[in-house]
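Peer 1: Sequence:
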Amino acid sequence: MNLLAIVATLALIALPHLGQAAEIRTQTGSGYTDFVLEGVIEPGDTERLVELVRETPEALSNLWLFSPGGDYEESMRLGRTLRALEFSTMVPSRVDEAPSCTVSLSGRQPIDPANCTCASACFFAHIGSLHRGGTYLAVHRPYFAKGKFGQLSEQEATAKFNALQSSARTYMADMGVPAHVAEDILGTPSDRVMLLDDRTVKTYFWKYLPARHEWLQNRCSDLSPEERARYDRYGAMVLANGGRRRFAEFMTPAEVEDHARLFQREGAALTCVVDVTAKSRREAQRKYFQSNPPQ
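For the sequence shown, the positions run -21 to -1, 1 to 274 when mature numbering (1 follows the signal peptide of the UniProt record, and there is no 0) is used.
Simulated pairs of lysine-lysine, DSS-like, Cα-Cα distance not exceeding 27 Å: (1) Lys139 x Lys127; (2) Lys125 x Lys139; (3) Lys186 x Lys266; (4) Lys258 x Lys186.
Distance windows between CB atoms, simulated: (5) Ala77 x Phe242: 32 to 42 Å; (6) Ser145 x Arg223: 50 to 60 Å; (7) Leu218 x Leu131: 52 to 62 Å; (8) Ala77 x Lys266: 38 to 48 Å.
If you are wondering where the hints come from, they were derived from the structure by calculation, not from laboratory data.
We put the CB at the ideal spot given by N, CA and C, even for glycine.
Let's have the full structure, built from the sequences with the hints guiding it.
Peer 2: Encoded structure:
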């Protein structure tokens, strides 16, 4: 299975060398708010994000993750919170095996270019979201910080290591990570990194979770498989002709008419997805904050 490109990253993974603690900031647009988490994930980051969300009256959009890693337990806590709040997350794109943050939206890029990554613990936070974007995910198994673990007897260390692996395995299963992908991650030593390839990312960590995708598709789209195939074929024709909108130049009159009908129905389906998602997210956040009042 071509899941990975493993490269040595001895300096990147060691926690003391990761960089500065995470900054969490907001970027408000017309009627919505994005959040940006940049830097090392540390204990308390989940609570900081929750308080920002609680104080934000606008509709919530995405959490942009620019992080080289950090605290594993906190990343799981963050991931479970993102799932409960029905958040979407965005990570950098992968271009020629490297992370790319050339996003043209103001405020949604890392201030420090070194944070243009989603590695290590960042992955565990990202997989908690309901909708994922971005393709650069550098992963390895969780590990203990330098110090006490090395002072344990080998028997004690083995027991703790197995418990940590079990914790990560359970969390990934809860977040919908397929077992074969989880085992590849847990099999990658902490002094190496596994870059998930494009096929793996876009099969398992791209856009909506499978159950949410099928639910929205069933609820909002009324195109039959045959109509969907025709609509996709028309889209391919448009791309093959340089994105030109003068459809009559490369479609028959019947195809132009059929495309217009399907386009209108697909637009209605997209509106339905947006509306249903917004309503579901508002309800999820209402329930979350009722169960987690301010301290």
